[in-house]
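J.: Those sequence lines, one after another, are chains A, B and C.
Residue numbering for the first sequence follows the numbering used here, starting at 1 and increasing by one per position.
Residue numbering for the second sequence follows the numbering used here, starting at 1 and increasing by one per position.
Residue numbering for the third sequence follows the numbering used here, starting at 1 and increasing by one per position.
These are computed hints drawn from the structure, not numbers from a lab.
Backbone N, C-alpha and C define an ideal beta-carbon position, used for all residues, glycine too.
A portion of the hints provided could be inaccurate.
[Unchecked claim] Distance windows between CB atoms, simulated:
no., chain 1, residue 1, chain 2, residue 2, range
1, B, Cys274, A, Glu108, 48 to 58 Å
2, B, Ile178, A, Met267, 30 to 40 Å
3, A, Gly135, B, Ile122, 56 to 66 Å
[To be verified] To give a feel for the contact side, a few chain A residues facing chain C, derived at Cβ under 7 Å:
no., residue
4, Thr37
5, Ser305
6, Glu348
[Stated by the list, open to error] Computed far set for chain C versus chain B, every beta-carbon distance over 10 Å:
no., residue
7, Gly35
8, Lys182
9, Ile226
10, Asn263
11, Pro342
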Amino acid sequence: MGIELKQVSKRVGAEMHIYEADLVLEKGGFNILLGTTLSGKTTLMRLMAGLEAPTSGEVWFDDKNVTGVRVQKREVAMVYQAFINYPSFTVFDNIASPLRVARLPDAEIRKRVGEIAELLKLSPMLDRMPDELSGGQQQRTALGRALVKNAPLVLLDEPLANLDYKLREELRDELPKLFENTGATVVYATSEPQEALMLGGHTATLHQGRITQYGVTAEIFRKPNTLISARVFSDPPMNTAIVDKQGDTFVLADGIRWPVSGKYSAMADSSYTLGIHPHHVTLGEAREDSIAINGLVQVAEISGSESIVHVDIAGNPWVSATQGVHPFEVGDSTELHMQVERCLYFDEDGSLVAS
Amino acid sequence: MSKTTNQKAWIFVIPVVVLVAFNALIPLMTVVNYSVQETFGNNVFFWEGVKWFEEVLNSSRFHASFLRQLAFTGTILLIEIPLGIAVALSMPKKGPWVSVCLVMMALPLLIPWNVVGAMWNIFALPDIGLLGRMINGLGINYNFTQQPAAAWITTIVMDVWHWTSLVVLLSYAGLCAIPDAYYQAAKIDGASAWAVFWRIQLPKMKRVLTIAILLRFMDSFMIYTEPFVLTGGGPGNTTTFLSIDLVKIALGQFDLGPAAAMSLIYFFVVLLLCWVFYTLMMRDEEQ
Amino acid sequence: MAKITLENIRHSYMPEPKKNEDYALQQIDAEWSDGSAYALLGPSGCGKTTLLNIISGLLTPSEGRVLFDESDVTDTPTTERQIAQVFQFPVVYDTMTVFDNLAFPLRNRGIAEDKVKTRVNEVAKMLDLENSLNKRAAGLTADGKQKISLGRGLVREDVNVIMFDEPLTVIDPHLKWLLRSKLKELHQQLGRTMIYVTHDQTEALTFADHVVVMYDGTVVQVGTPIELFEHPAHTFVGHFIGSPGMNILPCEMSDGAAHFAGNQVQTACTNLPSNGSDNIEVGVRPEFVEFDDEGLPVEIIKVDDLGRHQIVLARHDSNLIKMIVAEDAQIPSENPCISFSPAQTRLYKDSWVID
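Taking the hints into account, I'd like the entire structure generated from these sequences.
T.: This is how it looks when you write it as structure tokens:
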């Protein structure tokens, strides 16, 4: 077992920053904490690292109870959003610093730093000072310092947020690979659902101090257990509407209805919140698994490979994401195709009933 | 964010606690002891209760020196704070002159306080002092050893010379922390220089200015060395500020009881005024 | 509203620039017409913020002229250029209320108070700030403050162009989405020229009518989002736009046709370069690479499930090729082969497209 949180909570003053959290992260896995700012990701990471002690509950690492053990005694490496490097050390010294603290022999230090620098493409920059480097290079130096430590637990707090879009993409590709071979348990915090999907691994969604769901990233995306998890994990935001199940038909306002198929037939006749991803509501050609809905176009955004259209469907502001370029006029009534088999239904508590 | 508790820290704290107790708490307790008793020497003490406190609070001498102190502190705050801000505003933010300016500003702060007093004493002497001689040469009859007004002005000028730099350095630090984008946005909004000062620079310097005002207030309210060396409290008692008066009573007249009582009242006044200042300035932050 | 012309603009931050590398902007000639939405897109350090500041007057160019509607404004100060700019992080006057913040630019110009009131209320409505007008600006969230910054630009009716310098940097992804759509909506409503600087291609492509792609101080391509996506003029544009970017593969010319790894490739190029030419590359976007039983055999290294689609990393010899495949598409397990869509495959010589 990598790291386990048992009923961990954190109270600061009168506020609960983390409510009783139970989480088991597999050893050597790549885990993502997904949530908006202030949802508790950083606090949770600090609790895992030992920078903060939980108000209640226990933190277990590698089958040992480490609650209350100071962070210097734990083997943790952490990388922050702001590129944090020792400003008066060269890149070489920065990466070497944890090894120097551990009093390794010089030859060994040089070898390890050389390897890491090669991996992170920093070899030509080993003699430079951090403020002479670009943002991406500074962050790679910070990553190097975390990697060289070979710590069994690596925490990354939105490390790519301050970088260029393209650079972010490249580093995102590299990161899981970098840590794969070390066998370390990696925890990566982010507020971007796209990033979580691109990194893969397992994800825990956080909302206002609670862990709402944990599982394989793509599965959580497809099957969120609550409306809240669904909302945290969608960008563009998930489309929702109130629907009624009446016998064998689902009814959305304004005469939009569709038949209840096999997997939904077990649902009771009641009112539900429908959730459907924007890429399952498309423009263009009809599909055999979809029904046609009419909507009024509000705003349209074309990104070259995708058309993102904001429409009004019976008073609900919905977003449709379609591959390819689709011309239209604002204010037009347009036909959308909703894939009914992809609909998620949530009951009044927000829990998933059927998908 | 709270840090993990560390019991070992107490080992570092205990020696300091002992030292502070020895140097500060015990003498303080001694003063409290004296303030409620009467002695004629030979370590014989008689309980007096609140008599000394009443006497001090009703004494016109105390009122006079208290008012003088308030006037002094008020005047120098009114001069040093705006002047300090103005100088900080005119200092360059980048370039080779920055270090030169900073060093020049720091210099007055490095001089021992009694030397400051002695310097200005000689400098302002009407007959042999450079400044004193020059002013008298201009036809103005200036003699700080005999004229109360001249003594006040000289004391204030000396303090402004000595301490404005502190306000300058603190304000400068505050100003440097303001990102360029604010100035650029103000340009685009067509804001006048005054609006930039009032709406951007001053609000952003609030934290730093609070520190500057508190520091100057406390230091000036307890001022002793410089005016004592400069004027000795004179002419007469026109520049006898609270601490000077206190020392006169305690050591000069050896009235330990009233002196002790006065010290305690002095202490509480400073504490109270600091608390009021701080609360007023930090009140906006809470909102 | 004005037409903005940039003539022979070169800019260096050094007092005595000697070589090309000393210039932040190498050579810019451009014309921006009335009322369109432009995006300046490029990685950090490409000169886009420099260019923006030259247009707004916060920076005077080392060489060249800036013209607003044929009149030379190169030396005109910012306050007289009638522009508005929204910065990377929200700039609000903390001591004033939201109303006073929005009224500030008008009051500074001596506009009558009743006109100020009407205008501020109009703009507050456009930006959904009506309920916050009496609150202190310092108390709003980041996106609220950015809206105020934007509002200060919109409130003046004499504004020629509104410029945005990476304005969504500090905004949460969920709100980023909303604010971006709001900007697009505002542009459609008001029809004012807007120039938007960003390194995020999604922001640029969804917002702009015309995108100016910059790299290393020069303009590499100007075009609509669709043009940039389908006809990148330079391999940099191909790489920078699209997530993931274009596949750029080595290519040889022989027998009058383009060959990749020994196989002939059909391209959209009509002027094929001669046999044996150097520095020829084939560019094809992952969206236009498909599985084709009669195509090039490849080895599948990784499949990433991104929710709305899958990204397949394939390899042929030492060349890596990325493909985007539909969400529920089957990945062939035996002998996968791929082909490139001819109409979307382009040839590049020395990184520039051959048409």
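J.: Now look at each hint and say whether the structure bears it out.
T.: Results of checking the hints against the structure:
1. B:Cys274 - A:Glu108: 48 to 58 Å: holds, 56 Å
2. B:Ile178 - A:Met267: 30 to 40 Å: Given range 30 to 40 Å: violated, Cβ gap about 59 Å.
3. A:Gly135 - B:Ile122: 56 to 66 Å: This hint holds: roughly 58 Å between Cβ atoms.
4. Thr37: holds, 6 Å
5. Ser305: Holds, about 6 Å.
6. Glu348: Where the cut-off is 7 Å and the nearest Cβ of chain C is about 23 Å from A:Glu348, the hint is violated.
7. Gly35: holds, 21 Å
8. Lys182: holds, 20 Å
9. Ile226: Given a closest Cβ separation of 33 Å, the condition holds.
10. Asn263: C:Asn263 is indeed farther than 10 Å from all Cβ atoms of chain B, at 54 Å.
11. Pro342: holds, 49 Å
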